[in-house]
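Please arrange chain B on chain A, whose structure you already have, making use of the hints.
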Amino acid sequence: MDVSVEVVGEERHEVAVDDDATYADLVSAVDLSPHEVSVLVDGRPVPEDQPVEADRVKVLRLIKGGRT
Amino acid sequence: MPSSHLSLSTAAADSIFSHARDGASGDTPREVCGVLVGDRGDENTPDTVTGVRRVPNVAADPRTRYELDPETTLEAIESAENAGRDVVGFYHSHPESPARPSETDRKEATWKGYVYLIVSPRNDEIRAWRWSGERFETLGVETE
Chain A
1 MDVSVEVVGE ERHEVAVDDD ATYADLVSAV DLSPHEVSVL VDGRPVPEDQ PVEADRVKVL
61 RLIKGGRT
Chain B
1 MPSSHLSLST AAADSIFSHA RDGASGDTPR EVCGVLVGDR GDENTPDTVT GVRRVPNVAA
61 DPRTRYELDP ETTLEAIESA ENAGRDVVGF YHSHPESPAR PSETDRKEAT WKGYVYLIVS
121 PRNDEIRAWR WSGERFETLG VETE
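Going down the list, the sequences are from chains A and B.
Those letters in the first sequence? Residues 1 to 68, per full-length UniProt numbering, in order.
Those letters in the second sequence? Residues 1 to 144, per full-length UniProt numbering, in order.
In short, the hints are calculated from the structure, not lab data.
Incorrect hints may have been included.
Said to hold, decoys possible - As a list, the in silico EDC-like pairs of lysine to aspartate or glutamate whose alpha-carbon atoms are at most 20 Å apart: (1) B:K112 / B:D86; (2) B:K112 / B:E144; (3) B:K107 / B:D61; (4) B:K112 / B:E43; (5) B:K112 / A:D31; (6) B:K112 / A:D49; (7) B:K112 / B:E78; (8) B:K112 / B:E81; (9) B:K112 / B:E96; (10) B:K112 / A:D42; (11) B:K107 / B:E134; (12) B:K107 / B:E137; (13) B:K112 / B:D42; (14) B:K107 / A:E6; (15) B:K112 / A:D18; (16) B:K112 / A:E10; (17) B:K107 / B:E144; (18) B:K107 / A:D31; (19) B:K112 / B:D39.
Here chain A stands alone, though its shape is the one from the complex (with noise of 0.2 Å):
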């Protein structure tokens, strides 16, 4: 199925992805990692071992650290 992948802040990526594919496949995709982003369909989070359902999605690059 075709996907519409935008990283937030950056690029919007067209995607080819199998029908079986999940949203950790989507995130590889477009050459990101899924421990450093977040996958949103329609505004909410969705687990990255779902298969992919939605046509459209925004990709989130994590902003987090700590002080250790």
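Chain B alone, transformed into the frame defined by chain A:
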């Protein structure tokens, strides 16, 4: 090459300090965080922060870690963009330590070209850096 300065409105600075003090008060201090809104500059014009949006810290241990809640972050970014403003970067507090990026902050920075601002309410200090993709480059912060 972007400017090495950051212009921070007095109202934005006050809001960041107020948020950081809220997090530092109470029995267990916690890091607070949010989005910096304004206008991104260029090589001759500094980035300008005129507003902030508080975002919940969803880190497992908010005393020593921060992670902006993704859903609220996306809302804040889209709200800023719909109002014709830019996301300039992000802030977080160090309630018990100076306003300096830690090794963890470096390892986990992902927004290349954006401002990472750190506030230390204990030291009454705000400092900012731009993430180059490899290192934090110091920005001169001008409050006006």
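| Looking back at the numbered hints, which does the structure fail to meet, lowest number first? | Numbers 2, 6, 9, 10, 14, 15 and 17, in rising order.
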